[in-house]
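Participant: Residue numbers (my numbering), protein chains in the order written: chain L, 1 to 657; chain F, 658 to 805.
Among the clues, some could well be false.
Just a sample of chain L residues kept apart from chain F, beta carbon distances all over 10 Å, derived [as the list claims (entries may be wrong)]: (1) 154; (2) 171; (3) 200; (4) 239; (5) 317; (6) 323; (7) 408; (8) 419; (9) 435; (10) 443; (11) 471; (12) 481; (13) 521; (14) 529; (15) 564; (16) 636.
Keeping only pairs whose Cα atoms sit at most 27 Å apart, straight-line, the calculated DSSO-like set for lysine-lysine is [to be verified]: (17) F:754 to F:798; (18) F:757 to L:382; (19) L:382 to F:798; (20) L:521 to F:757; (21) L:382 to F:663; (22) L:414 to F:663; (23) F:754 to L:523; (24) L:382 to L:309; (25) F:754 to L:382.
Computed, partial: chain L to chain F, Cβ under 7 Å [to be verified]: (26) 360; (27) 364; (28) 379; (29) 382; (30) 392; (31) 393; (32) 580; (33) 610.
Hints are computed from structural coordinates only; laboratory data are not their basis.
Glycine included, each C-beta is placed from N, C-alpha and C at the ideal position.
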Amino acid sequence: MIPELGHFALVLALVLALVQAVVPMIGASRNRLALMAVGRPAAQGQFFFVAFAFACLTWAFVTSDFSVEYVALHSNTATPLYYRITGVWGSHEGSLLLWALVLAVWTVAVTVFSRHLPDVFLARVLGVLGWISVGFLAFMLVTSNPFERLLPGAPEGRDLNPLLQDPGMIIHPPLLYMGYVGFSVAFAFAIAALLSGRMDAAWARWSRPWTTVAWVFLTAGIAVGSGWAYYELGWGGWWFWDPVENASFMPWLLGTALIHSLAVTEKRGAFRSWTVLLAIGAFSLSLLGTFLVRSGVITSVHAFATDPKRGLFILFLLVVVIGVSLLLYAWRAPRLSGGGSFAFVSRETALLGNNVLLSVASASVLLGTLYPLFLDALGMGKISVGPPYFEAVFVPLMTPVVVLMMFGPFLRWKGDTLGPVVRRVAPAFVASVAIGVGTAFAIGHVTPRTVLGLALAAWVVLASLQQLLARLGERAGASSAARLRGLPSAWWGMWLAHLGVGVFIIGVSLVGSLQQNLDVKMKEGQRAELAGYTFVFRGVQDAPGPNYDAARATLDVSRGGVAIATLQPEKRLYRAQGMPMTEAALDIGPFRDVYVSLGEQLPDGSWIVSLYFKPFISWIWLGCTLMALGGIFAAADRRYRKLAERRAPAAAARQAA
Amino acid sequence: MKPRSKRLVLVGGGVALLVAAVALVLNAFQQNLVFFHTPTEVAAGKAPSGKTFRIGGLVEVGSIQREADGITVRFAVTDTARTIPVAYRGTLPDLFKEGKGAVVQGRLESDGTFRATEVLAKHDENYMPPEAAHAVEQAHKAGATVKQ
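Isolated chain L (complex conformation) (with noise of 0.2 Å):
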């Protein structure tokens, strides 16, 4: 019954969606009061009854009610309660109800958090919001109904893929989705943008703090996803250029093009059409990601699908979506010439440069993503691309976006000379360049790929320090502690993410350089040493688990004969599917991860054992927390909330300047 109740509250969705997308765009185009206003209650309806759908979904798995198709096939009796609950979006049909429920949930934001928005203006986003969302409704019901009955039930259910048995995908997917589909808000912003022919600084600043947020999730979720892969792949890799890492990584690499573009164009009023371009194009990336990801073109974990409709169907959504949008661009974009000028050497140029630099990494991206499946495709052989392609790339591309990042903050809005600017920060950059050499020095790896690293870090945290001393100096008098706070939260946004991006390449950099792996026969008793740690092998025993048998391995770890950790890495084999799985075991510091993952048992009774020593790769996340942080900063600023009061651009151009 429970189920069924899920499945028309599905239904009651989509009409309510298709009221969402329908009459608030016509009361736009007639300016009719009446019909605008129904797109609030028609959006909150929808959320209510999305989320009564996947309260439904959720309550099939908590009840392990097999008589439901999908909980029979991701989920079991044994299964712990929190993976049941997370089982929910262990696959395809489950997954869709969650980006549902997350385009639901960001549409409801809008209609709360935007009362300072014109009528006109909401109604139109609300518009674009309903009809994406009546796209995935449809999908979901025609294609992919989660709540499709099994008749008769199954004794027993098949269970979750063991791979997403673990805490990180409690949290990974709904984070990776709050930030795809929060592009759709940002797109939402740009096509209303365009049907009205509005689009000054105003409409940048009301898009900002949405599209912020929205990349802080992104942030977040990528960096649960490589920290799930890191520890559960039990390879000790933390990035495999893998297509599925691809998919979220390229609206990435947009979604921060965008930010930093939507900042010119509410500061200045430059770049409007770039700006709506990158927020479609964002958009269109979290499509292709979704299409890529579930369509089952590309064979993963993360590939469900096995019916070639669904994937036709994404790939129609993907090409309305994209050509209905472009076609506006076309249309209307002429019109949205001019703003402000400016001189060559300027912010605008520095961000500029960044943006075009993002724009071709993305885009490289989608290269290697895409041409392997065009050729197969096509019948014309297979190939893959793999991470030498990405690393030969990204490098060359990258390193200039470091050194604008960091030389940008320096220049001012519209014009300013060179010289002055290159003079003061002129002993950043020969302190890096030196600290980067003198520290690959220091570790004795002295390879191009290391010191320029370690150079851009330097350069990254050098800079950073200037600023902040910069800033704090032009508020002479008042106590520094007074002048911290005085600080726009805004500006400790910008300062926090870049700084973040020089502790993420710290991480890579040194993890690259400084890793090493030792994969050993070990017995009983054994001892092996790797990078001046001792593991001692103390045996293996059986520990089992909910819903697994394990063997479970006792290392002693210690360094100078000084003990450190016991690991005990283990082996499981879940039950239902027969599936074996590889338990790491990580000894994790500030400085260096030690991390213990256990191979096959051979004949004569020993057993493989891979040993890793991964210094600062810790960094790497911690580096990405400082990036979602300083997003976070960024959203939370003043002036968005002072909204309703101040609209004109020429109060913006002015503060800015």
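With chain L fixed as given, assemble chain F onto it according to the hints.
Facilitator: The following block gives chain F in isolation, referenced to the frame of chain L:
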């Protein structure tokens, strides 16, 4: 500078940057493509020598052998028509099994052994790597045409 020449510099600089970036991307792309070959193609000498490529198929039953160090594994990948011996040093994926599909990446040695640097197996019990399935399918098709 006059506004006109300023714009020229800006546009010219942008275009130069873009051209350089595109050249970089395409060059890296050209150099790092990894092609896929079926065991039959490798046996026929169609695979590049001295270059990394991938082969896929089924891990032949009874072919997995460990060398004395316990870390180096030898096995054979077959598309049911031809078989290629593979040597790999490292930890095998959880779902690597005899009789199941696998894809390996590496280089062909002069003695005909494929020295793998990477072994990919499937992500769950139901799923077969598409390259492996493709190789077996091709071999079946070829076999069928011979018989006719």
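Participant: Each hint needs a verdict: does it hold in this structure or not?
Facilitator: Here's how the hints hold up against the structure:
no.	hint	verdict
1	154	holds (16 Å)
2	171	holds (21 Å)
3	200	holds (23 Å)
4	239	holds (15 Å)
5	317	holds (24 Å)
6	323	holds (25 Å)
7	408	holds (15 Å)
8	419	holds (16 Å)
9	435	holds (27 Å)
10	443	holds (26 Å)
11	471	holds (29 Å)
12	481	holds (43 Å)
13	521	violated (3 Å)
14	529	holds (16 Å)
15	564	holds (23 Å)
16	636	holds (34 Å)
17	F:754 to F:798	holds (25 Å)
18	F:757 to L:382	holds (20 Å)
19	L:382 to F:798	holds (17 Å)
20	L:521 to F:757	holds (25 Å)
21	L:382 to F:663	violated (47 Å)
22	L:414 to F:663	holds (13 Å)
23	F:754 to L:523	holds (23 Å)
24	L:382 to L:309	holds (23 Å)
25	F:754 to L:382	holds (24 Å)
26	360	holds (4 Å)
27	364	holds (4 Å)
28	379	violated (11 Å)
29	382	holds (4 Å)
30	392	holds (4 Å)
31	393	holds (5 Å)
32	580	holds (4 Å)
33	610	holds (5 Å)
Consistency with the previously given hints fails for numbers 13, 21, 28, ordered from lowest to highest.
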